[in-house]
Every structure is written in C-alpha cells, then in structure tokens.
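**Student:** The primary structure of each chain is shown beneath.
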Amino acid sequence: MSNFALIIYCGLITFLTRFSMIAILKKEMFNDKIREVLSYVPSAIFPAIIFPAIFLDGSSSLQLEDNPKILATIIAMCIGILSRNILATIFSGLISYWVIIFIF
Amino acid sequence: MNNKTKIFFKGVKDSSSLMIPVVPFGIIFGVFAIDLGLTPLTAIAMSVIIFGGASQIIFLQLFSAGASSLVILSSVGAVNSRHLLYGAVLSEHLSDLNLTWKIIVSYFLVDQAFAVSNDYFKKNKKDKDKHFHLLGGGLNCWTIWQVTTIIGIYLGSIIPEKLGLSFAIPLTFLALLVNDFRKLINVIIIIISGSIATLGYQVIPFKAYVIVAATVSLFAAFILTKFMKKNHE
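Protein chains in written order, with the working numbering: chain A, 1 to 104; chain B, 1 to 233.
These are calculated hints, taken from the structure and not from any lab test. Some hints could be false.
Residues of chain A clear of chain B, computed beta-carbon distances all greater than 10 Å [unchecked claim]:
#, residue
1, E65
2, D66
3, L71
4, V99
5, I103
6, F104
Facing chain A, from chain B, some residues (calculated, C-beta under 8 Å) [unchecked claim]:
#, residue
7, R82
8, K102
9, I103
10, F167
11, I189
12, A221
Calculated cross-link-like contacts (lysine-lysine; reagent style BS3-like; alpha-carbon spacing at most 25 Å) [stated by the list, open to error]:
#, chain 1, residue 1, chain 2, residue 2
13, A, K26, B, K123
14, B, K13, B, K123
15, B, K229, A, K33
Note that CB positions come from ideal geometry on N, CA and C, so glycine has one too.
Please model the entire structure based on the sequences and the hints provided.
**Tutor:** This is the structure:
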C-alpha cells in the first residue's frame, strides 16, 4: 500500500468513527437511562488520556517517584475545582510544572 | 448578526481556551513528520485528511517503527473508537440534520469541539441552528491544527523540548473534568478509567487502551447509577 493510500484509509476510518453514530442513532432511541449513562462519557474517556500522560515516562513504564507532573497535576486539579475555569487549570498546572523542574 | 453566525462564533469562543495545547501539539506533529522523512505535502495531507492529533502521532510512531499497514489501520481505528461514544452522545441533538450537515459536522467532531458543544447542546435543546456551535468549535480547531502543522514543518523545533509543553495536553482534558470531581460516581469512574488505561497501556494491543478503559468505566457507571438509586428508594 502506498503511503498516500494508507493516509486516505486512516482518514476514512477516523471519519467513519465520528460519523457512524450520528448517522445511525435517532432521537427516538434515547431515554433517561441511556442519557444518564452517556452523560458519564467524558469522565470515562478523558482520564484514559490524562493518566498515562502523567504517570508513564518516555519508555511507557510507570513513574511514581521523582515525577514533577504528579504534583503539578494535583495543584492544577485543586485550582480547577476551586475556580471552575479552564484557563486557570491549564496554566496553574504548566506554571507549577515549570517551577518544579526549573527552580527546585 | 443572524442567529447562525452568533452561534457559530459562540462555538469559536467557547473552544478557544482549549486551543492552547493544540498549538504545541500541531508543531510537534509537523516536526516529527519531517524528522521521519515525510514530505511537507504528505504531512499537510495527513492533517487535512485525518484531522486527529492522536491518530496522526500514532500513525507516525508505528510508521517509523516499520509496522504493517494493517497494524497502522487497526491502531488508528482503536485510537479513534472514542469518537463512536462522542457521536452517540451528540446524535440525540443532531439526528434532525440532513445528510450533508451530518457529514460536515462529523468531520469536525474533535475532542475539544465535542466537550464544549455537548454542554451547549444540553442547554439549548430547542434551537434548530445549534449545530453551528459544533461547526465553530471544530473549524477553530481545524484552522489552528493546519497552521501549526505548517509551522512545525517549516520552522522546525521553535519550541524548546525542555519546556515539556506536551504536558498541556493532559492538563486540557483535566480542565474539562473539573466539574465532575465534585460528584462521587464520576470520581469513581475517573479512577477506574485512568487506572485501566495506565496499567493497560503496554498490555492492550493496537493502542486500544482508551476505548477499553472507557467501556469498562461506562459499564461501572451503569451499575453504580442503578445501585445508588436503589439506596435512595
């Protein structure tokens, strides 16, 4: 398969995962129970992106000691819960990370 | 300004703070693609055709490791399977659109646009132009993704690696969850999902750890909501 064909196939797969449910599901299929379970989708997906990015090192092994990302994430989380502000959360995390790696 | 334009720009505005990590991510993708010997045109084509940060990076990683087309395709499919859930969540609000509109909004259904438009749709159920919000958020992300890909390709590593800006990616997703940390069921699900993904990262094939973690946690959510309701009755 040429590189370009492979890119097009990957694009097609990406598109179909985004499109299929929107195309198939109808409004009438939803009830309160389904709605309730689906409301947990962000809580079910986002941690699967967050946790490995924080706890795994460059070679994908668990790094619990000497890992500045853990403390920076905890600080960002506290600021986030208190402020409920997206920008404050991102920047408090980044700044604490920089303070830890550059100053300490 | 008519209603559609207003909703479109609301989508642009709501998604803007989520665009911060997209900038270093796009640049990293551009740099990485050129480092691996891809032509600038191929790298740009990837950002336009695939338009998914995680899929593109996985593609490059496997491609550079000499993986077969089949492995690359299955991994991209596995990484993208979370979009099935995004689509399922939003379909309730988008099912009245015609096919052309469904195709257009599907192309723009990225994590950030999903997160902000999901909230907007829930609050504006009755508005028939609400899909313009998703279009605004998606197009905002699309533009930044293409521009930063090009910056990465031609200006190379203008961001010093030492800054560790890739850390901004998990922080963005964390920022999207701050309201959920106040609810017990959500906290339990967050811990289940995160632990499965971290421990399964190496073990689960085709980088399918995201969808495996999400499916198990949604099942847990289903059980927990049932159980907690019984306790209230």
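**Student:** Which hints, by number, does the structure contradict?
**Tutor:** none
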